[in-house]
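With chain A fixed as given, assemble chain B onto it according to the hints.
Residue numbers (the working numbering), protein chains in the order written: chain A, 1 to 211; chain B, 1 to 1022.
Be a bit skeptical, because a hint or two may be false.
Among chain B residues calculated to face chain A with C-beta under 7 Å, some are [to be verified]:
{"id": "1", "residue": "Glu85"}
{"id": "2", "residue": "Lys87"}
{"id": "3", "residue": "Arg93"}
{"id": "4", "residue": "Glu96"}
{"id": "5", "residue": "Leu104"}
{"id": "6", "residue": "Val418"}
{"id": "7", "residue": "Ser873"}
{"id": "8", "residue": "Leu877"}
{"id": "9", "residue": "Ala881"}
{"id": "10", "residue": "Asn883"}
{"id": "11", "residue": "Ile886"}
{"id": "12", "residue": "Val923"}
{"id": "13", "residue": "Val938"}
{"id": "14", "residue": "Arg950"}
Hints are computed from structural coordinates only; laboratory data are not their basis. For every residue, glycine included, the Cβ atom is placed at its ideal position computed from N, Cα and C.
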Amino acid sequence: MQLFPRSLNYLPLLVALAAMLGGAGLTFAVWYYGSPWNTQVGYAPVQPVAYSHKLHAGEMGIDCRYCHANIERSQEAMIPPTQTCMGCHAVIKTDSVRLQPVRDSWAKDQPLEWVRIHKLPEHAYFDHSVHLAVGVGCSSCHGRVDQMEVVRQDQPLSMSWCLDCHRDPGKAIRPKDQITNMAWTPSTDEAELVAAAKTVNPPQHCSGCHR
Amino acid sequence: MSKRKDYQFSKPAPGMEGKVFWTSLEAKADPVAYQERAKAEFVDGVSGSDTVSSESLRMKRRTFVGIAGAAGALLGLEGCIRRPEDKILPFTRQPEYVLPGISLHYATTARIAGDSIGLLVETHEGRPTKVEGNPNHPTSLGATDGYAQAAVLDLYDPDRSRFPASVKDKAFTDSTFAEVDKGLTAIADAAAKNGGAKLRVLVQSSSSPTFARVEKAFLAKYPQAKVYTYEPISALNTKLGLQQAFGISAEPAYSFRRARTVLALDSDFLGSEPGSVRNAREFADGRRLGSPRDSMSRLYVVEPGFTSTGASADNRLRLAARDVGSYLKALAAELGVGLTDSEGANFESLRSGVTGAKAPAGVPESWIKAVAKELLAAKGQSLIVVGSRQPAAVHALAFALNHALGNVGRTLVFTPSVDGAKAVGPLDEITALAGELQAGAVDTLVILGGNPALDAPANLKFAELIGKAATKVHFSSYRDETSHLVDLHVPRAHDFESWGDHRSFEGSISIQQPLIAPLHGGRSDIEVLAKLAGIEWWRGYPLVRTTFREAFGAGSFEALWKSALHLGVARELTVAPIGSVSLDGAAVGDAIKQIADAKTALGASNLEVNFVPDPGLYDGRHANNPWMLEVPHPLSCVTWDNAAYVSPNTAKELGIANYDLITVKDASGATVDIVTWVLPGQAEHTITLNLGWGRTVAGRYGNGAGFNVYPLRSAAAFGFGDGFSVSKTGGRYPVSVTQETHSMEGRPIAIDTTLEEYRKNPDFAEFRSPTLSTLPLWQEVEYKGHRWGMAIDLSACTGCNSCLIACQAENNVASVGKEQVARGRDMFWLRLDRYFVGTDESNPQIAFQPVGCQHCEEAPCENVCPVNATAHSPEGLNDMAYNRCIGTRYCMNNCPYKVRRFNFLDFTGQVPETRRMQYNPNVSVRMRGVMEKCSYCVQRIQEAKITARREQRQLRDGDVKVACQTACASGCITFGDLNDPNSKVAKAVKLDRQYSLLPDLGVQPRTSFLAKIRNPNPEIQG
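Pulled out of the complex, with its shape left as it was, chain A reads as follows (with noise of 0.2 Å):
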């Protein structure tokens, strides 16, 4: 007797072939979810206030640290507090709707609510200060800021990206005085790149950045 119809025998096949496909599709997803190639090169959210890195570092020469000003000494860059911004536009562009917001939060003693886009995982432990202690300028990990409108993420904040320069750190080390200057380059000279890494000794192990 003949219960189910001939057509189910490829259901086994079928089954088995949905199997591989469903695992390997899962597989790949798991593996990308993971890959360095989603780590949101690009992200460059609205911000509450449409302000322009391009215009303050970029076109006027504003240092980076006199808004980030905790930079040497803290592992937090610092998003500055409404109070740097009304230092200024308390008495520039007192009237900009675009500023606005920073008025009301001033006023209100309200926070600015900023979107985080650099942001890496909470197990690992980046600090700041030190990476300016030993050379390392904001652009090489922040790109050209001065030249964006709006703040997007440059680099792909991935770990094998941290260990490419830990391992390698020439590229990245500049003199003190060069920390914030984005326009900066490093040398095309390999003994001068080989010298420069030599001053600084990056961990590579885990505890260097896990903890």
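Coordinates of chain B only, in the frame set by chain A:
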């Protein structure tokens, strides 16, 4: 066991004959069976805990399917989620000094365990996270005890009272502080009419100059009102004894550094007595051995049950607490023979008073003769200390003897008390208050802190008396037993939330600086009293500043105030000790008459019960602090419970054993049911009970943990008392102990000897350690940069547990609960092993050994990790990358020291939001299924290295201090760079006492131990 070779020693170990180390009586009785059982590191039934219903511990099938299904569904969802948008909220106006990512340390003082201690509290963006000792403060000298370490978790307790409440029939209705102020005004108005004739205030003991000042103002406004003090664990007997002996109102401060011979009578001066942190440092300093030529002090301890002090004794005599006075009298009689009359007639009355005094039964003659001989030989360099539980008369006699021995002014000084008031007995004031309540003489009762409904002497029935007052207000951090009985409950601010000041026992005055605004809007004691007193500026800040302005003088006030805040101690105001004292011979003669020899003999039906502060909960005030609940009792290793500690022989006589529930009954018929725990070293026919457990309204962690022993604690047996009997209830009770988990399986790891032996064989430690029997697996690495290492001096360790709590606080180590501890799943990165030493089961010696990750250079854990989650750093740290760990637990199995801890369950996911505020932001919080272990505080190493790099300098010795090291009061732990020949640790590991654990395995641990040296008097047996 059969596979393992017997240990080979290079030559017979000197002084090893008769040396037996054992962790429990079971282990001693049948080592083979015990070790067989210990092989399984995690078992359902750890010795005897078969009574834990394993059914309740096992997950039901349905629950598992449910959870597995939910987890699967979540996994599917997670794939769709893109990175969530994250916000950064900067300040609008940047507060001075608060910079994101930079931790700040503020100097403050806190009243902890009946004593004030100077602290430095670490804050991250305004959140206090970690307590350190203040090196500038004489009570701390940079270290802390466990209570201080745990204070920060009390601050974030999710069960702290959050709102004022009106209370009716034990039901709370939340109200507001405006209502509280109205209530206080009403009380003040009513009291103003009759001078406060029916107003009574009950406070906790205080050493605050501001409190004394406000109290004076309060009493000036209401001359008829009274302020009573009650403290369940009080040092008033000491003060009273001092007053009897010399007629001064003062407090003693000891210098153990100078004392060559110390006799401690029922005194836990290294543990629970005031000043213990400073005492421990000084005591350890008096016996640090750099070489066999160095000398060390000798400590005699006479006590009923083991304390940290008894465990550190060179000679220890087990003696019932009631017989301690008689012992001192007999000793005084023996001393009297050799003493010269330093004060003529005064001294004569002392001598005649003790003549013919006999030692209590069972005290060997050598304990009188030899001790007296040595005290006489060390005149001016000896010290007799008496525990505050002992009656004032015993203190008076001890102070008189110290005076006669020429110790006063040398090893012992007296500083005038804060208020200059005459000392009273610890129970005088609460008894007076109870009498007034009974007589209806109290209309309004204001209780500032404390929990008298729970901890007042049982015979006063204080909980019933509270109702006799018409209006009753309770200021308390918790809605506790007392809060349920009052009309108005008000949250009390934590010490880290309020302004205040303190004077420590040795005379320094310091400011209690708040670190955070009150989380739940609480008030401090001085604020309440000031408000009642009608002081206009009643907030803590102006009150404390006024006190200091008066003390400093208006001219230089601001500068001195700032420097006192910064340093954590107002050096200019330190109270000088009393220059000279003269003995009141007649009073001491009277005191001696009060020390009566016991008339009845102790026996199975006439037991002595000793009430002692708990090493974790103190008097019950830390009862909802998971760190304190879980920290093992240093001697019994019992966690999450208290127990009735009895000696092996007494247990046999009474027919009781571990896990047996017993009923302890006093002469008046009051009873308490409690579990038995047999503890070697307990005096015969005595029971030690730890206070503070068995709370019913402590909070979510403390409720129902342990047994409440306060119902037995009457005025007649406040510190100790006899006439108790014991009967078995027939029930059994599960107890979680840590002493048998993470067992070292009988390997020789704790090494000790006597000073005499050490001088003969300075390198004895090496001989006692097994010799290398394996070649290293890998080619040895040369460490060119830093080579981190640790040295732990076992001679100084008192087993106080403060390192454990400090480690927990620094490294976000989870508490797991009683059932998980029973299964060997406790998470302490640093465990404190306790060994009984010797063959006498009743009277062993103790060896403590803190064991954390040894950071082996040839680490066996690293070789077996399939995912490289644990790896070696170029500085020799055994790193742990949590996010790589897949939880095979191979590393744990391969660790010879059993120091790796696995998150069997999600121990951190359920932690309430407020407690998470305590987390150290520089250490990952581990999730379920991940291995963790001591990291040598790698976050501190990295921070120090980064700071040095930023400052363009080399790391200096002392830049890196690990958490256990800073907490250790006796300074046992040294940490640093072994490659720096001048570092302290490099010098420590070159000492001849140095040895490492299980060197035969060839794993080359970085942690070294310095063998324990004891200095017993050979003339004393036992």
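Against the structure, the hints:
At its closest, the beta carbon of Glu85/B sits 6 Å from a beta carbon of chain A; the interface hint therefore holds under the 7 Å criterion. Evaluation of the Lys87/B hint against chain A yields a held restraint, the C-beta minimum of about 5 Å falling below 7 Å. Hint status for Arg93/B: holds, given a least beta-carbon distance of 5 Å to chain A, under 7 Å. Violation of the interface hint for Glu96/B is found here, the shortest Cβ-Cβ separation to chain A being roughly 12 Å, above the 7 Å cut-off.
Annotation: interface hint on Leu104/B violated; nearest CB of chain A at approximately 12 Å, more than 7 Å. A least Cβ separation of about 42 Å between Val418/B and chain A goes past the 7 Å threshold, and the interface hint is therefore violated. Hint status for Ser873/B relative to chain A: holds, with the closest Cβ pair at about 4 Å, below 7 Å. The criterion of a C-beta within 7 Å of any C-beta in chain A is met by Leu877/B, whose closest approach is roughly 6 Å, and the hint holds.
Of the supplied interface hints, the one on Ala881/B holds, with its beta-carbon coming within about 4 Å of a beta-carbon of chain A, less than 7 Å. A hinted interface residue such as Asn883/B counts as satisfied when its beta carbon comes closer than 7 Å to some beta carbon of chain A; here the least separation is about 5 Å, so the hint holds. Hint status for Ile886/B: violated, given a least beta-carbon distance of 14 Å to chain A, over 7 Å. For the restraint placing Val923/B at the interface with chain A, the shortest Cβ-Cβ distance is roughly 6 Å, inside the 7 Å limit, so the hint holds.
Because the closest C-beta pair between Val938/B and chain A is about 4 Å apart, less than 7 Å, the hint holds. Nearest Cβ of chain A to the Cβ of Arg950/B: about 5 Å, under the 7 Å cut. The hint holds.
Figure legend: structure checked against the earlier numbered hints; hints not met, in rising order: 4, 5, 6, 11.
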